[in-house]
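> All chains should be built: construct the whole structure from the sequences, respecting the hints.
Number of protein chains: 2
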Amino acid sequence: MVEVVSEARSHGGRQLVLRHDSRATGTPMTFSLFLPPQAEQGRVPLVTYLSGLTCTHANVTDKGEYRAACAELGLAFLAPDTSPRGDGVADEEGWDIGLGAGFYVDATEAPWSAHYRMWSYVTEELPALVAAEYAALDMSAQAITGHSMGGHGALTVALRHPGRFHAVSAFAPIVAPSEVPWGEKAFSRYLGPDRAAWRAHDAVALIEDGARVPAIRIDIGAADPFLERELRPERIEAAAADAGIELILERRSGYDHSYFFISTFLAEHLRWMKSRLG
Amino acid sequence: MVEVVSEARSHGGRQLVLRHDSRATGTPMTFSLFLPPQAEQGRVPLVTYLSGLTCTHANVTDKGEYRAACAELGLAFLAPDTSPRGDGVADEEGWDIGLGAGFYVDATEAPWSAHYRMWSYVTEELPALVAAEYAALDMSAQAITGHSMGGHGALTVALRHPGRFHAVSAFAPIVAPSEVPWGEKAFSRYLGPDRAAWRAHDAVALIEDGARVPAIRIDIGAADPFLERELRPERIEAAAADAGIELILERRSGYDHSYFFISTFLAEHLRWMKSRLG
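So the protein sequences, as listed, match chains Z and G.
Residue 635 is where the first sequence starts when you use my numbering, and the numbers rise one by one after that.
Residue 635 is where the second sequence starts when you use my numbering, and the numbers rise one by one after that.
These aren't lab readings, by the way, just hints derived from the structure by calculation.
We put the CB at the ideal spot given by N, CA and C, even for glycine.
It cannot be assumed that every hint is accurate.
[Said to hold, decoys possible] Partner residues aside, some chain G positions facing chain Z, computed with beta carbon under 7 Å: (1) Glu641; (2) Ala642; (3) Ser644; (4) His645; (5) Lys697; (6) Glu699; (7) Phe860; (8) Ser892.
This is the structure we're talking about:
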């Protein structure tokens, strides 16, 4: 059912890369899972990390520098892919659409709707799969984070699953995809022209429409080249303030959009999550 | 003179990737240099990391997880490439020879001798270059480490430069290349059939021939698939014991040859180096 692509001991735990045939996407899907040493003795909380445009599971697995903190704190770390892949999966010119750019929605428009069902995949199929396969995962103690498009994913998934996640954070997230070029391009392809349908996949719109989480932590590089055009953190600042959601938003001087930024602050996010996981 | 290929803020410091035209190799050479935050206030020790077969500067830069510890300890971290590259550089079928496999020697045999001068590059040209370009580097406070072929490089460079390095360590090093398939293949190509010439590039032979360092730290994964055939740590255990060199050799249960292993223990090596740098 789940094929072990690779397994390596790291930081006292097990870094797995796994593959399975997804019902949601109708394709094979590859993901990584780090089990900290504590998972050999008992149950551990699960942090899901959603990656950004162009990434697979491998980017954060190689460059995220999360294992030391996860091993210290006793956290499992799950990193799915960002889109379906393979023969017959629709694609289009450009790295911000199609392969590597699933935007964590269930596409309703052809040709995308055949396989681009990343919402169902990350919210239902994948958590059920890892829970069934790895008894050490305490699915009642979950947190979620992500980067850029994956920050969008983490925020929207958490906002639409109140109570499932003890903590939600993001690195340089696209907070209002309906209002920015990356999101407008993706949503018009995947969800069609009716912008009302986009609101369920837009963190700022979800908050405006009444969705709530207790707190959100966001770090953004002040030197991020996508800051003003695509990320627009001021939009979630305003929405969270209006809604009374605690928002910890750090603008990090000198940092860009890369894993050099993420890896600097990911351990801090994991510590913050652990404190909220109790 | 030195071209900045990329620069990113990370862990409070600067992760640079740099390129220059090497006199030693007669080719452009790319390397990475991490300057910790302490380098903005004063001088910092320099740790050189020599990579293994098939690698460029990028493997450890992406996967080594050294920046957090370097930023905490105030250590700069220099990662050169493993061979010359480019048009006209000799190569041969196989990932253990030619491109990505320079073995840190100055080749004396054609066609390799035209460009494969990694010994001169890592012991002379590159240190002089970074010292001239980055005044924050304290070249009187150096340490060296490396992985696999790069562990061989680190050990031989330190043994032949007594006093230059306050600390030398290695991950899964090839300690006796003259006696194992990888080394025999490379040395016979690069240095010719006279095995006497190989001894200057063989850590165990150097120790047998009188070279000394105060101490060596080595970590090897007990599940490393190359352990018995290529790495043979018992050879340096015997040589160090005979020579009275302090050898801290840790066999790490369950760990393999990958960066999942290196990244687990690199911070410990950096702490050990820092303690010896005073």
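> If a hint holds in the structure, say so; if it doesn't, say that too.
Taking the hints in turn, this is what the structure says about them:
{"no.": "1", "hint": "Glu641", "result": "9 Å, violated"}
{"no.": "2", "hint": "Ala642", "result": "4 Å, holds"}
{"no.": "3", "hint": "Ser644", "result": "4 Å, holds"}
{"no.": "4", "hint": "His645", "result": "5 Å, holds"}
{"no.": "5", "hint": "Lys697", "result": "5 Å, holds"}
{"no.": "6", "hint": "Glu699", "result": "5 Å, holds"}
{"no.": "7", "hint": "Phe860", "result": "15 Å, violated"}
{"no.": "8", "hint": "Ser892", "result": "6 Å, holds"}
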